[in-house]
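**Q** Spelled out from the first residue to the last, the chains are:
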Amino acid sequence: MHEMALCESILDILQEQAKAQRFSRVRTVRLEVGALSCVESEALRFNFEVVTRGSLAEGAGLELIEVAGEAWCLVCAQPVTVGGLLDACPLCGSHQTQVTGGDTLQIKELEVD
Amino acid sequence: MCNVCGCGEGEARVEGEAHNHVHEGQQIPWALRNPGGNGGGAASGRDLDYGAGPAHAHAPGLSQSRMVQIEQDVLEKNDRYAAENREWLSERGILALNLVSSPGSGKTTLLTRTVTDLAERYPISVVEGDQQTRNDAERLRATGAATVQINTGKGCHLDGHMVGHALERLQPAEHGVVFIENVGNLVCPSSFDLGEDAKVVVLSVTEGEDKPVKYPDMFHRADLMLLNKTDLLPHLDFDKDQCIAYARQVNPDIEVLEVSATTGEGFAAWYEWLEGRRKGRLEHLAGDLELRAARLRAALSENG
Chain W
1 MHEMALCESI LDILQEQAKA QRFSRVRTVR LEVGALSCVE SEALRFNFEV VTRGSLAEGA
61 GLELIEVAGE AWCLVCAQPV TVGGLLDACP LCGSHQTQVT GGDTLQIKEL EVD
Chain B
1 MCNVCGCGEG EARVEGEAHN HVHEGQQIPW ALRNPGGNGG GAASGRDLDY GAGPAHAHAP
61 GLSQSRMVQI EQDVLEKNDR YAAENREWLS ERGILALNLV SSPGSGKTTL LTRTVTDLAE
121 RYPISVVEGD QQTRNDAERL RATGAATVQI NTGKGCHLDG HMVGHALERL QPAEHGVVFI
181 ENVGNLVCPS SFDLGEDAKV VVLSVTEGED KPVKYPDMFH RADLMLLNKT DLLPHLDFDK
241 DQCIAYARQV NPDIEVLEVS ATTGEGFAAW YEWLEGRRKG RLEHLAGDLE LRAARLRAAL
301 SENG
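In the order they appear, the protein sequences are chains W and B.
FYI, the numbering for the first sequence is 1 to 113, going by UniProt numbering.
FYI, the numbering for the second sequence is 1 to 304, going by UniProt numbering.
In short, the hints are calculated from the structure, not lab data.
Even for Gly, the Cβ is constructed at its ideal location relative to N, Cα and C.
Check the hints yourself; a few may be wrong.
[As the list claims (entries may be wrong)] Some chain B residues near chain W, calculated using beta-carbon distances under 7 Å:
no., residue
1, Asp73
2, Lys77
3, Trp88
4, Thr109
5, Thr112
6, His157
7, Cys188
8, Ser190
9, Asp217
10, Pro252
11, Ile254
12, Leu296
[As the list claims (entries may be wrong)] Chain B is nowhere near these chain W residues, computed Cβ spacing over 12 Å in every case:
no., residue
13, Arg22
14, Gly61
15, Glu63
[Unchecked claim] A short, non-exhaustive set of chain W residues, derived as facing chain B with CB atoms under 8 Å:
no., residue
16, His2
17, Gln96
18, Thr100
19, Thr104
20, Gln106
21, Leu110
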């Protein structure tokens, strides 16, 4: 349930941006979620609704932009795309991979009034 | 925003020297009006309770805590606190290890034995994270180790901000070791950097051997897996080799040591690992200081 704490951080960002960008209501939050980011999308949606209740983002839509996981295969010595931490290298089947991207959680865009 | 510690307006205050200010117009939070109120017991004066507010959580919406910061990466704020902790520890030559596991893995027993055995070798302090009780902190304090309890309420993990305040309170000795015992949970603590040198995941052989693939994030981020309760192996149907293979599947670099916190078996290797990490930390600091001294000498000779 750390999604609750993550949604707290998202609400913080919205409130700060509301002051800086002079808007009073958030309609949509577009959030980039990496495939390797240890976040459960449904839990994120549920907690977002709970956390934003009574705030400038009450009822706002949460659009998740899914980003593929990226890794470096030590055997193939080249970048590969992986769907999760358990996935083997799609080229050689080895688990000798190091995550290089797709593990972030970042607000990309807000639709506001 | 509070410019002493960066706490946002309305955030719960923690009883203690380093953080006893109250903002104008701010209500004194429940945690301060009822210190130690979480169990009704006597307050030790050293506990940090993030779950003592009306919502019994440190998370918002339900919480007494609300920060206002500029950031885009959702975890950026936590990472900033963690980076401050890391720098603070680094400049003092302190090795910090974040112990993570599911509940019941024997983490506190393992830590109690470790602290007792190593007390004479170097200074050891403990940051003890739990949702509600201070039972584990009391077990650790009984060993003589300086311990600060953090209660998270319904929060499922420690974060960089909580640990920063705990370190301020703890004031761990230079060149020593700080153990951070995280909340028993193999999911959430993996996402939150605390500023530690390494995560050490404790997995007991009474759990399923597939825990590393069920909870891959935690094992992916850990440097060391301590496979605990090995004294029970003869009585169990636990495939140790398969467990280690699973751990290496999600993290090819993870080191594995087999231990029994009950009998002490395997602890010599664990202490050796710790000593190696501590030496690495001190050598790194010594290198930094030598570099700084060389720069100062160069500046002196330029002036001369």
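**Q** Of all the hints numbered above, which does this structure not satisfy? Sort the numbers upward.
**A** 3, 4, 5, 11, 12, 18 and 21
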